[in-house]
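Assemble the whole structure, with the sequences as input and the hints as a guide.
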Amino acid sequence: MDKLGRRTMLRAGAAGLASLALGPRSVMAREAMTVVPPADRKLLFVFCAHGGAAMIDGLLPVLDTEVGDSALAGTLDVFSEAQIDSVPGSAFRFVKPLEASAYSFLKPPPSMRDFVQKHGADAAVFCHDVSSVNHNVAQARSLSGAGANAGRTLMEAMAVRYGGGMLLPNCNMGTDGYIEHGVDGSLPAKARHEVITAPLLFATGTHGTRGLASAVRPDAVKRARRVRDLLDRETVFANTFRKSPLVAHYLEQRSFGANELEAADLVEKLLLLDPASAKAGLRPTAVTAELFKRFPGLAQNDVQAQTCLAFLLAYHGVATSLTFGFRSDPVITEADGVITTPIAFDYSHSSHRLAQTAMWGHLAAQLDGLIDLLKQHDYLGDPSLGKMWDRSLIYVATDFGRTKTRAAGAGSWSTGHDLNNGSLVISPLIQGNRVYGGVDPKTCLTYGFDRRTGAPDKGVVLEEAAVYGAIAHALDIPFAGRQDCPAWLKA
Amino acid sequence: MRTLMMITALACIACESSPSIPSPKDQPVSPVPQKPVPAQPERPAQEQEAPPPYALSQGKSVLWKRYAAFERDLMRGLDLGRDELCRELGDRNCIRDVHLIALGGNDPFGSGIHRPPPGTLGTTPMVVDRVLLSACSARAAADKADKQGEAKVFGALQLAGPAPAPGSEAVAKTTETLFRRLLARDPKPSEAALIESLLEPGEDAPQSAEEFAVLACFVVGSSLEFLFQ
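For the record, the sequence lines run as chains A and B. Following our numbering, the residues of the first sequence are numbered contiguously, the last one being 491. Following our numbering, the residues of the second sequence are numbered contiguously, the last one being 1229.
Be aware that a few hints might be false.
Said to hold, decoys possible - With the C-beta cut set under 8 Å, the calculated list includes, among others, these residues of chain B facing chain A:
#1 Met1075
#2 Asn1093
#3 Arg1096
#4 Leu1100
#5 Asp1107
#6 Ser1134
#7 Gln1148
#8 Gly1149
#9 Gln1158
#10 Thr1177
#11 Leu1199
#12 Ala1205
#13 Val1214
#14 Phe1218
#15 Glu1225
Hints in this document: simulated from the structure, not taken from any laboratory. Cβ coordinates follow ideal geometry from the N, Cα and C atoms, glycine included.
What follows is the structure, given as structure tokens:
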């Protein structure tokens, strides 16, 4: 064994002291959240495309004629010219819906045309691979960058960066791996997400009395709360367990709820109640009434309800990170029957093209509606703050891609999970109408690009950490080891 | 050697200034003055210094009474059915349908949420208040409507009448009933006095026996002792 010399000891000592000073985040004191003036805030919308939204079935379809070998083309997930559409000046092609009869039990989906035509200028496809084909693991990694930022999810990092002073800065309506917390123990408690499963009525949970069928007056409830707080100083139980982290945290939240959350009076602002059926003395705001016009099915369509609540939470300055999207169960309404496939994009296991065209169509329609709202409304309703869209970034997070092959000449087939794919990002903060990377028509595999210049490079494979870094770069979220993407930032 | 000693000393200082890590087990601690809870008004200094005559827990042995136990104990305590406890806007079950996750549940089939949240959420206390106010109101309304003398919880009160007088037998009996039904014990005199303080004169004092019933029930049912175990 080498004898430890004085220099070695000093070096080791310095490193040890440095680690004591800096430490892993998990043992450091919790970081403070930044309070950012409204004018400088940004908004992150994460749309969860559950089950594997294959980019080659959405905005990067390959023509059979581009393969250069008709026999090979017959074994790949490629399209005839008649199956593909585009709009003038767009960098994207998109897949047309199948004939209505092909959708069997589903209502035929909307076309992606409106989305591409109206918002394509702000859209970018980031070609990359992922590191897991397990749904939950891949979903969680799509948000954590597979540990890019000490295990902090994008939404958590966003909440720390812009959410200081917000009431519920990180709201998550996702499922499975998309609802997983990050693993950074130093994250401020308020940056952790508030889980929302019932978007229509979530607002009621922001107030102790509004909308309740109780004859008790709010003032009397305040008195009762004061007495309750005194009782919690008196009982042996409360005094015994007051220092328990669980109880101490609850007491903090109780104070926050009674003093801040209720004071914001969010029930009518966030309640997704049809104006035609106002209940319990609650009247939806004019903005909410507008949502029911834009999304007439939202009372039964859970994805629309999530989209609208995400918008309202952002509009009223309650949150900076909004996560929502498709769930495993299909959307079924009285008017339209079955709208989305069971298990969303993962229905590709049964019928790839049916699932992908249906879900891409609905995905595009949701985003189209959301972006329209963001483009129409001023942030916090204040014209001096400009349109919400100017500060927004939408990240379509998906698990992974789908396998690229089919039985020779098959018109209908099923697919498995594939590491290779890409992500759709839409924002005025990035250079849109652009594909970052590309697709090799002979394999239908995507390839990466030079993050500095944006030049496509078939030899580059980017993974989750690069996507995370690029989004964080666009949103000005700094962290050590961030994989910047200067190529896609607007000058 | 001197360097090594210096490093060791600095490491010790760093350790002392690190946040304390809760012990894995519930370690009783010898009586020490309690720090005031930030959200609550200050106690007189003399009271803060007086240690309670029992050991304080610093650990994690306390459990959050999540939705199923919370619901069950409320149903049993107030003699109400599951759907009588609370319905948001008269429509959907507060506990099972709307606020399940905030009350500590998980929803693998409906929402794909496989694991319950590790701790209470930002909206949990408001949701608890809603459920308690709703359930207590439902119990008081049912007892008020009772004409057979079979009121389940608030039989000592004339619910159609004005708020009871402080110090009355009706207040004492109601307090005792609520403590027994919700906390499974009798109130201490100081705790009973707190419930009675709801009736101190003021614009925010209960204006009817029914309102007193609901508020007293709310105080006991939303206390830490009912919500944790």
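Cut-off 8 Å, beta-carbon criterion: hint that glycine 1149 of chain B touches chain A: violated, 23 Å
Interface hint compliance - valine 1214 of chain B to chain A, C-beta minimum distance less than 8 Å: At 5 Å from the nearest chain A Cβ, valine 1214 of chain B passes the 8 Å test, so the hint holds.
Minimum beta-carbon distance criterion (8 Å), glutamine 1148 of chain B to chain A: Since chain A brings no Cβ nearer than about 23 Å to glutamine 1148 of chain B, farther than 8 Å, the hint is violated.
Interface hint status, leucine 1100 of chain B versus chain A (Cβ within 8 Å): Interface hint status for leucine 1100 of chain B: holds (7 Å vs cutoff 8 Å).
Arginine 1096 of chain B as chain A interface residue, shortest Cβ-Cβ below 8 Å: Interface hint status for arginine 1096 of chain B: violated (10 Å vs cutoff 8 Å).
When the least beta-carbon distance from asparagine 1093 of chain B to chain A is tested against 8 Å, hint result: violated, 10 Å
Glutamate 1225 of chain B as chain A interface residue, shortest Cβ-Cβ below 8 Å: With Cβ-Cβ at 4 Å, under 8 Å, it holds.
Interface hint compliance - aspartate 1107 of chain B to chain A, C-beta minimum distance less than 8 Å: For aspartate 1107 of chain B, the interface hint holds, since the closest Cβ of chain A sits about 6 Å away, which is under 8 Å.
Hint status (Cβ of methionine 1075 of chain B to nearest Cβ of chain A, threshold 8 Å): violated, 18 Å
Satisfaction of the serine 1134 of chain B interface hint, Cβ to chain A closer than 8 Å: holds, 6 Å
Minimum beta-carbon distance criterion (8 Å), glutamine 1158 of chain B to chain A: violated, 16 Å
Status of the phenylalanine 1218 of chain B interface restraint (C-beta, 8 Å, chain A): holds, 5 Å
In terms of the numbered hints stated before, the structure departs from hints 1, 2, 3, 7, 8, 9, 10 and 11, listed from lowest to highest.
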